[in-house]
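Letter by letter, the chains look like this.
Number of protein chains: 2
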Amino acid sequence: MSNCKPYVLGVDMGGTNTVVGVVDTLGKVVNSAALKTRDYIEFEDFTDALVKACRRLMSEVGGNDLIAGIGIGAPNANFYSGNIENAANLPWKGVLPLGEMLNKALDLPVAVTNDANAAAIGEMTYGAARGMRDFIMITLGTGVGSGIVVNGQLVYGSDGFAGELGHTCAIRDGRQCGCGKKGCLETYCSATGMARTAVELLSTRQDASLLRDLDPAAITSKDVYDAAIKGDALAKEIFDYTGRIMGQAFADFVSFSAPEAIVLFGGLAQSGDLLLKPIREAMEANLLPYWKGKVKLIPSALKSSESAILGAAALGWKAQ
Amino acid sequence: MSNCKPYVLGVDMGGTNTVVGVVDTLGKVVNSAALKTRDYIEFEDFTDALVKACRRLMSEVGGNDLIAGIGIGAPNANFYSGNIENAANLPWKGVLPLGEMLNKALDLPVAVTNDANAAAIGEMTYGAARGMRDFIMITLGTGVGSGIVVNGQLVYGSDGFAGELGHTCAIRDGRQCGCGKKGCLETYCSATGMARTAVELLSTRQDASLLRDLDPAAITSKDVYDAAIKGDALAKEIFDYTGRIMGQAFADFVSFSAPEAIVLFGGLAQSGDLLLKPIREAMEANLLPYWKGKVKLIPSALKSSESAILGAAALGWKAQ
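These protein sequence lines map, in sequence, to chains A and B. In terms of this note's numbering, the first sequence is residues 1 to 320. In terms of this note's numbering, the second sequence is residues 1 to 320.
Don't take each hint at face value.
For identical chains, the list gives no copy identity; a pair is met inside one copy or between any two copies.
As a list, the in silico EDC-like pairs of lysine to aspartate or glutamate whose alpha-carbon atoms are at most 20 Å apart [claimed, not checked]:
no., residue 1, residue 2
1, Lys296, Asp159
2, Lys292, Asp159
3, Lys292, Glu85
4, Lys182, Glu284
If you're looking for bench data, these hints aren't it; they were derived computationally from the structure.
Isolated chain A (complex conformation) (with noise of 0.2 Å):
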């Protein structure tokens, strides 16, 4: 960490969009510029926009001699190397050496993780979770991920991968996931597993609902929350049935490493009482008593479009 430089660079890497920008030390953005992920056939034409991007924002401010670091937030993404690891959904595959490239086109110290580490690190340094030292961060998107944070420090693991929550066992032998297992927490509470209990749902049963007028194939989370607000039963279902999953597996990772809280990040974790309550519910009914009304469930506290960047940024603090 740079005491003297005020600000660092975060970019956040996602499958669709790449968003960069310069932060303040009080985790203000400053400046930030977007591109599209996947207008880039090869991953050196696509790190070249990004190195000159990340050139734009750092002369608006001054030059890179005021820069502390660059932290960078990206799926599959591994702490301990830096590179980009077989991501699912990138249009690269293989090993992409996103932290070195970075670190030697515009020679400032990079450090590299995946998103949901990052936003862990966002809420811890800017966030609902400032000031605790054992929280778990979980992501609800397309895909279910999380950061945990044990003694003030993120989890990596002997390896960099460690914080795959999302895929733990929900069900045994449930729901096919992406990753090849079966029955994957993110199966069934990721915002793509909530449209799929709805279409499942929708299909075995015959109770009216709205979710009925909408084609099956195209629902998302966002329709049956809209049908939950306005009081559909079978959305409201939905909800329960995502929310108790979801509570289940969080007293097991209660188990793990008792944190004070755990935040949830995302379009759903917005969902109020609607998801919390029963998350809430099914949680505190698989605690082991000395853990029982203690856990804290609170959604992020940082703007979504702000999250992820801030949190490779505040990463960027620690860069060496």
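Please arrange chain B on chain A, whose structure you already have, making use of the hints.
Chain B alone, transformed into the frame defined by chain A:
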């Protein structure tokens, strides 16, 4: 840690026996003494006897000026408070300020933790996990205990109770556990859980087995082992079943902290491939692709009679 003192005092407190010993820097138990935990009606009577034993052992090696600290492993003991809290298998109820009492009586720094964490520290300091920064210790006894090491540190969590993997859910709505929940891993995979499986299979099935010669109420995991090595098919099936449930659970533990190894401790852990093979198969089948074939599964390298006291002693070096 006091560099110039050659010894620590380790206390392994169990529901039946309590063993105290002076241990040197190389992990040699120099002398030791044992107490019957249940011989003392009041907790104060027990600590009086324990203090007396400690004084005698310390004077034998040259006095307490040569002792760097005292480490204690005890059921339901909390590292942060130094207290034993509501231990089900001790004769005294409520909160027992063990750490504080020994610190006052012996004027030495004291560190307290639960028995599974003490075993993990012992394994890391003197045993199979030397040099590892990320591993999980699983103790198989009356229950299933666990000690989790991340970044070279024991995971205590926000309240000191982290690492209760024996109470993660193995089978939803499964067997009733002593903790009040259902389907906990320890109801299937502890020595006691394995005996439960034996009784269940013997009562629901008709096939011949050496185990049918025994009183069902008195069958132990040792009996199952003895029958299995004689080739008894039902006994082998009990090992397969136990191992499969354990391996499935271990795969989820790997998703959490990506350990280099899972170390197994306790009598059952010495069953060799009878248990390790089905564990390994089920674990591998349930791991994410990048962990397949990478996580070691190893039995403890410490003599079971010494490991708990060595673990407690190792903690003593860090007592302050």
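The hints, checked one at a time:
1. Lys296 / Asp159: This pair counts as between: shortest inter-copy Cα distance 13 Å, intra-copy 29 Å.
2. Lys292 / Asp159: between (33 Å within a copy, 13 Å between copies)
3. Lys292 / Glu85: between (39 Å within a copy, 15 Å between copies)
4. Lys182 / Glu284: Between copies, since 14 Å is at most 20 Å while 26 Å is not.
In summary, this structure violates none of the numbered hints.
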